[in-house]
Every structure is written in C-alpha cells, then in structure tokens.
Amino acid sequence: MKKTSSVFTVVIFAFLYVPMIVLAVASFNTGTDISVFKSFTLNNYRELLRDNVLLPLLLNSVIVAVISSLFATVLGTAAALGIHSMGGRMRRMTMALTNIPLTNPEIVTGISLALVFVFVGQVMKIKSVMGFVTLLIAHITFNLPYVILSVLPKLRQMDDHLSEAAMDLGCTPSQAFFKVVLPEIMPGVISGALMAFTMSLDDFVISYFVYGPGFVTLPVEIYNYTKKPLQPKIYALFTFMFIIILLAMIIMNILQARDSRRGSRSLRRRSTNA
Amino acid sequence: MSKELIRLADCCMAFDGEVVLNNINLYINDSEFLTLLGPSGCGKTTTLRIIGGFQKPTSGDVLFDGVRINDVPPHKRQVNTVFQRYALFPHLDVYDNIAFGLRLKKLPESETASRVRDMLALVGMKGFEERKIDSLSGGQMQRIAIARALVNRPKVLLLDEPLGALDLRLRKDMQNELKRIQQQMGITFIYVTHDQEEALTMSDTIVVMDHGRIQQIGKPEDIYNEPKNAFVADFIGESNILDGVMRADRLVEFLGRRFPCVDFGFDKDEPVDVVIRPEDIDIVAADSGHLCGSVTSVTFKGVHYDIIVDFHGFKWLIQTTDYHPVGANIGIRLEPEDIHIMKKSEYSGMFGDYSSYSAEYDEIGDAEADAAGEESENEE
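Protein sequences appear in the order of chains A and B. Note that the first sequence covers residues 257 to 530 in our numbering. Note that the second sequence covers residues 28 to 407 in our numbering.
This is chain B alone, in the form it adopts within the complex:
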C-alpha cells in the first residue's frame, strides 16, 4: 500500500511564458486513489498529462518506480488514461475498442477475447460487444472507456474529469462504481476533478491545487477539518472565515471575544484566519449564546436550512435542521473543536464572507462550475 510509485520533483510547466505549474512536488503510492482537485486553470489537467506523457515539464523530473521517465513517450508508459470526453474510437465497435491495446501488443486472439469479456463484466456491460459507439449513452461510453484502459492492466489509471458530462444521478452511481473497480483491481487511480464532493467521496488522498501550486495534500477528513488556508477552506465545503488573533496557545480572539480552541504553536498575538464550518455551529436561545445575532435569510435545502445570521455586521452561514424565521434573534455557542485556526496566507480576506449572500448562491455556483468545465476543455 505505501510503496511509492510516481514522484513529481520540482515540476514546472510554462506555455508561451505563462506559468501553469509552479514547482510541483508530489509522490503517489501504489494502489492509492489520489485526486487532483482545484478550479479550472489550476494546473490539475496539466499535471495529469505530464504523468501520462502527453506533455513534458519545462523543468523538474517525473519518476516512475524510481526511474526518470520525462522522455518516455505515452505508448511506452505503464499508464492508461480515461479521457474527459471518453475519446472512444467511433469507427470501431465496443469489442474492438476494448481490444485495441491488446491487439497492438500482439496478444493471441483467444486471450484478448477472454480479457475483453472479463473487462465488460467488471464494468457491467456484458453483451455489448457488437454495439456501435454511437448507440451508447454517456454512462455506457464512460464504462467502455474505463474498460478499454484497464484491459491493458496498467499500474496506474489516469482519469481526467471522467464524470463531468454525466447527470447528477449517474455521477453518484459512477463514483461508487469507480471506487469499487479501483479496490477490485488494486491499482493506483489518479483522478482529476473540480468537484469537491466527488473528491471527498472517492479519494484516499486529495491534492488541492490553485494557480499551478499545490495548496494542501492530505486525507479527505484532514483536508476538510484542517484546511491549510482560506482557499482550501472555501473550496472544500462552506466556511465562515474571520480575522482573529491568537492570544495564547488554544485561545483565539475574534469579534471582540476570546474563545478556547484546540490549535497551538502560533506566536503570541499573531493574526490568523479562523474557520467555522456552518454545520458545526450550535444554535441556542439569544441570551445564552457566545454571540447573538439576527437571521437575515433562510433557504430550505432539503436535509437542512441554510440561514444567514448577522452578528453586528458580520454575516455567517449556519446550517441547521431547525427552522428559524427571518428576523429572529438567536444565539450561538462555539465549542473549542468547532474552531479551526489557519495561518494568514495570500488568500486571506478573499473567501468565507457571506455578506453578499443571496439565496441564488447555488445557481451562481453551478454556473461557475459549468463555465469551469468548459474552460478546462479549452485548457488542453
């Protein structure tokens, strides 16, 4: 499990002088599900293409099993890719698509046939051998693309936003399916996505990227609970991010009040970013809370309500299963483990403020995600 398979050492990439990757250092273990997560243009697809051999880093080394592979062309790498738009060969049927790689290796046709059959079974597409690529749905093409890559028994499977074109329901099913396939095959998956939920659901390790830099590497729980900076805190889930000052170890001051917390190791009186997740906040009666504010907006989200609460001009997002009408005065309590302290970074002050919140923030978010999807296509 913990054997190192791929290492990117000081990888930089520039197109026409524009820096796309800035000093990427990353190692990937054998049979790990690693996700490169970030907004469009963050360099995640470029990183994947460097591992696949479609691009050479401007500087730095790519190591595979300890051997430098910068100059090894894609067809000689033990890596296979599932492309964003599947890239199935339209002039071949399902069987010939999957058999494509094996035939290039001049495998006996009988072995090819049995391996293709096994793969079709693995992705749940038995009986589709003769089907034309044109006649498949998006989800089916996705499965065939995965089978076509895995049939070659690569050590690493690269997946470039493979679920981006599928609808929500299918995407959820395929997430489980991919995780199952990865565990069944016991090989390394490197997965690129801009969807944080997808990343949290499937990954062993998440690499959060922005502006060509790695912002944080860690397990999904660690990334969510202990984000390193305001960018990560905001990109993974919802966060209220406030300016605070560390008054001592395990004691932080914000909104004019001191709170006990669990973080330490900061300088005395060091300015910090304070992250409070909307679902961690306990709502109590107005007179018994640490802070007291009034509800300015309520949105029903199914499982919970998103409410925006105004604390003397600072607006917070709070998720609660109880209904609080607009105008209600409520109090909140913050336990030490609800508060996460981050060092100040270049992202401080850019995220985590809900003052301009409107009920449509989800739609805006979706539009952004769509635009991001389109941009990342152009990125190639």
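In isolation and in its complexed conformation, chain A is listed as follows:
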C-alpha cells in the first residue's frame, strides 16, 4: 500500500516537472532537435541576452506585472479591510462577487474587458484605445481577487481589538493601521502581491484581447512565435521565466510557513490556557 502510494507520488511529480526539465535541458543543448542532446552550451542564453526583441518584451511584462500587482495590492488590501468590517450578509455577498471573476473563464473576462475598452474609446473619441493603459487596467482587475483572498484570512485571524488598543494608546486611526494592523496582515499582503505578480507576468488569454500594437507583453509575442519553429533561445527564456516564478513561489511558501508556525504556536498557547 505504502509502496503504491509512493510510486503514485513519483508519477504525479514526473507529470508536473518532466516538461520543465525537458525544457531546461533543451535550453542547454547545442542542437535544435530536442530529442537528441548533443552537447552542453550556454549559447542559447548568450543569444537571448543579445536579443533586442525578446528582452524588451520581457521587460514590458515585468513592468506591467510590477505596476499592476502594486496597484492591486493597495486596492485589494483596502477592499479586504472594507469587506472585513462589513456585517455578515453584506460580506457574504461581496465575497461571492469577488470570487466570480476567479472562476470566470479567462477568455470571457478578456473579451468583455476588450468590449468595455472599445466602448469607452468610442465614447471618448480615442482612435486606438488599446495599449499600455488598457493592459494595465485589465491586469489590475484580474489581480484584485487574489490579493483580497490572501489578505482577508489574516484580518480574520487578527484580534479585532488590536487597532482599538493602538488608538487607546494614542494612535490616530491611520497610525493605528500602519503601526499595528499592517504589520499583522503583512504576510497576507506580501503573498497576495507575489501571487498577483506571477499571475500578471504569465497572463496570455486576457492580455491577448486588450493589448495594443504599441505595447506587447512577452506571452502574447511568444504566441506569435509558436506558429514558426521555436528557436532554442526561447527555451532559455522560458527556463529563465520559470526560475523567476519559482523564486517568487518559494518566497511565498517560506513566508506562509513561518506565519503558520507562529499561528500554531499561539493556538497552542491559547488552548493550554483555556
């Protein structure tokens, strides 16, 4: 029984990680045929660094990801604070409204956002409305629920009297937020921001409908590349991106682990006192 389950685990992990390993190996291959590993090379990476099409596009993706996740983090945290202070029925309703975009097919979100932008563009008589701003707005929109969903549980764990205690000791309401509430919910805010960043960095479907010729992100451009045979430097690029996202995820996990250790310790303390 134990043996089958460990075999099963290995199979699952193989399915999950073999594609990435194949990609990474291919990025160090001298040949263009991924089925044969000729010899080790860093040429693909060198070429990637010299590339003046892909790198600026990667930069575009990072810019959109950073700015949109920042906006989404600030707005989402504020929204989470608001939702947290709502009464039971209003809160459930708002949460349902927040969750729908998460399960909504991306293609629907993408097309409906595009329709809104075109409509607004026509009303405001803007010729080509699609561009950096529309892309950014779209990314902030689909990032918001991730931030809200990761901040809310922290607020729920927090003792509601904390900000009152801070005000009692002389804080203005905004000081109470920055000195006491924010440090308490920080792990949630950071993991929300990282989640938003990774979601934004690799988004293709929604971006495809709202990008303009003036500002293209990497995933959208790569989609155009796949119509032709892939160049090996793209493998290098993907490996590079995978590592960035992996790092973000590792940071997030470390933060969560540290946080839940703290949580379980205080739970234990509470139960021994009860």
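To be clear, the hints were calculated from the coordinates, so they are not data collected in a lab. The model shown is predicted, which means the values in this text are computed figures rather than measured ones.
Cross-link-like lysine-lysine pairs, in silico, DSS-like; alpha carbons within 30 Å at most:
#, chain 1, residue 1, chain 2, residue 2
1, B, LYS206, B, LYS246
2, B, LYS182, B, LYS159
3, B, LYS103, B, LYS182
4, A, LYS435, B, LYS132
5, B, LYS153, B, LYS199
6, B, LYS199, B, LYS182
7, B, LYS159, A, LYS435
8, B, LYS83, B, LYS133
9, B, LYS206, B, LYS153
10, B, LYS83, A, LYS435
11, A, LYS435, B, LYS182
12, B, LYS199, B, LYS328
13, B, LYS255, B, LYS370
14, B, LYS246, B, LYS199
15, B, LYS182, B, LYS83
16, A, LYS435, B, LYS153
17, B, LYS255, B, LYS371
18, B, LYS370, B, LYS342
19, B, LYS133, A, LYS435
20, B, LYS342, B, LYS328
21, B, LYS103, A, LYS435
A few chain B residues facing chain A, derived, Cβ under 10 Å:
#, residue
22, PHE110
23, PRO117
24, ASN179
The C-beta atom is built at its ideal place from N, Cα and C for all residues, glycine as well.
Following the hints, put chain B in place on chain A, whose structure we already have.
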C-alpha cells in the same frame, strides 16, 4: 478620594434600534475601584466602551472632570484600556509593547526605558523585555497588557473582563495583584466582570446592571446585605426569595407566620420580597424552630454543606457546617437581622426558588458563565 472624575448623564445606546443602554446615570470618583457587574448583554461592556471613546452614546453626555467628552476620540482621552483578550501587538516584543504609547508621545528614549522598567517591576515581570508575545502565558500577557496601559499614567484604567481567560488559581492571584496595583498607583479603575465574587473582592463600589439598566450602586457589603431587588439578590450570592407581606414596620409575614425584622418604611400590608441568605439560617432541633422541614438533598462543598430543606412545599437552600442526612427533620430560627425586605419589582418571582434544585446546579451555573463569556465576546 471623593472628587468626581467621570459622569455619565442620561446615557442611552441603541444598535439598529435595539436598546443596549437605557438611561444610565453614574458618577465615578477619583482613585476609586468601580466594578460594572452583570450578566452578558447587560450593557456593562458598552458602558466601558463609551467611557473609553470607542462608542458614542445615542443620547446623553459623558463628562470627564466636568468637561463633555462625547466627541473626543480615544487617542485624546486620559484613559487607557486593558482589553478582554489582552490585544497585545504580536509583532513587537514585550518592551516595545509597553513603550508603544510613550513613543507616540515622543518621549526621550531614556525616560521611556526607565518608565518601562518601572512598569515591568510593578507587574512583577522584570527581565521579560526581549520576550516575544507568543512565548508568554495567559497570566504573563495579562500583566504586560496592564503595564502597557499604566505606563502612560492614565487618570483612569478601564478593564474589560481581564481575568476571564485565566484559570481559577491565577484569577485569584491576579485579583489581589490588581487591587495592590490600583492602591499603589492611586488611580481610578473601572472594571467589567460577570463574576460576582471578583466584584465583591476588589471593588470600592459595585454597579449591578441588567438589561441596559443600573439595578443598584453601592459598596460590596451593601449590595450583598441590602440588595434592592430579586435580580441583585440572586445575582450576588445565593438567596432564598419568598413572597411576604409587611404587616407593620419591622414585622413581616411569610409562610403563614410573622417574623420581626429590621426593615421599615413600607405601607401597611404591602406585598414584598423577602430575602434570606442561606448562610444566615440557624439550624435547631425540629421542635424548637420557627419553621420545621425535612432535608431533601445534601451536597458537600468543602467548607460547608448545601442542603435543600422542604418547608411545606417551599424549598430553601441552607448552608451549614454540620451534616444533616436526607430525610432528617430539622427546625430553623430566623433572627431579625437575617431577614431582608425588598420592594416588589419586575424581577419578583423570577429568582430565589430552589424547588427545581439539583445537585448539579453548580455545573449548570458554570456552563452559563462560559456561555456568557462567549456571548460577551460577540457583543463587541
């Protein structure tokens, strides 16, 4: 001692049309230990939050040193609070928690350090400066919460059921500790609790509340010995409460017999509630008592026995150090000062009847107290 510091004048509070406080009038003297006592939902926590500035009364005035402070936010009041679940800041260590208020006042760090040290000494927590809040026990967190509030040298310290989460032994220790700290600092403590024993032990003045109204204000002895109505008599200690009729000044009739008592000033033949504390009843031989009854249940309580005695269908709780077996016929004598007369009130007939007594009444009582504790959390 007797200078008035805080006054609540005609304070009313309603949440969504539900009346939580009904015309509260109360003054609190300087350096007094005042306890707001009552069951959950009686409005005691709301009263405390109004004084702390976390809630504004729907109508009425809050006066501090004669100045109306209804609209003064919490951070501008000379009042500090010890919260029910301590509300210590988990991301700061013990020192930074206590120094929090002083740093906001931009005190020089050297003075902050010496005041924090003094406070740690006061609450008996020297050497805990660097400790994380997570690593403290409930009693230790309680002490830090008190130090964090007192370091700001408030004129008034508000305490919202601060001992509710501690076990019995620790609670007793902390009661003495709190009283000592209050006397040492010489400031006003306003203490909220549903535990009558806690209130009796520590307070200079007790305010008994129920259903958003003040039922009685007085010294612990007065509240215990001269309860104003059946609610107070039942909530503070155990009481046998009977229907009686005042036949004249200092003469009351109940259970078909007239007893001399010490109360007067009632109308002739006015129906009243008669309170007899279980520990005041003298047990004598069956033939020499004022009343005679048979024991129906005996519970050993350590210091004394709780016995239930049936007097022709009326069951009384009597506390005695002598053992009387179930079925024994005993007599009781009531001296005039054992009998306390109260005017009839809305609470008449609701309390003080032990007919449905069972030996588990303590457990039931505890369960109620627990449930009350949980409810009062939700109350906020």
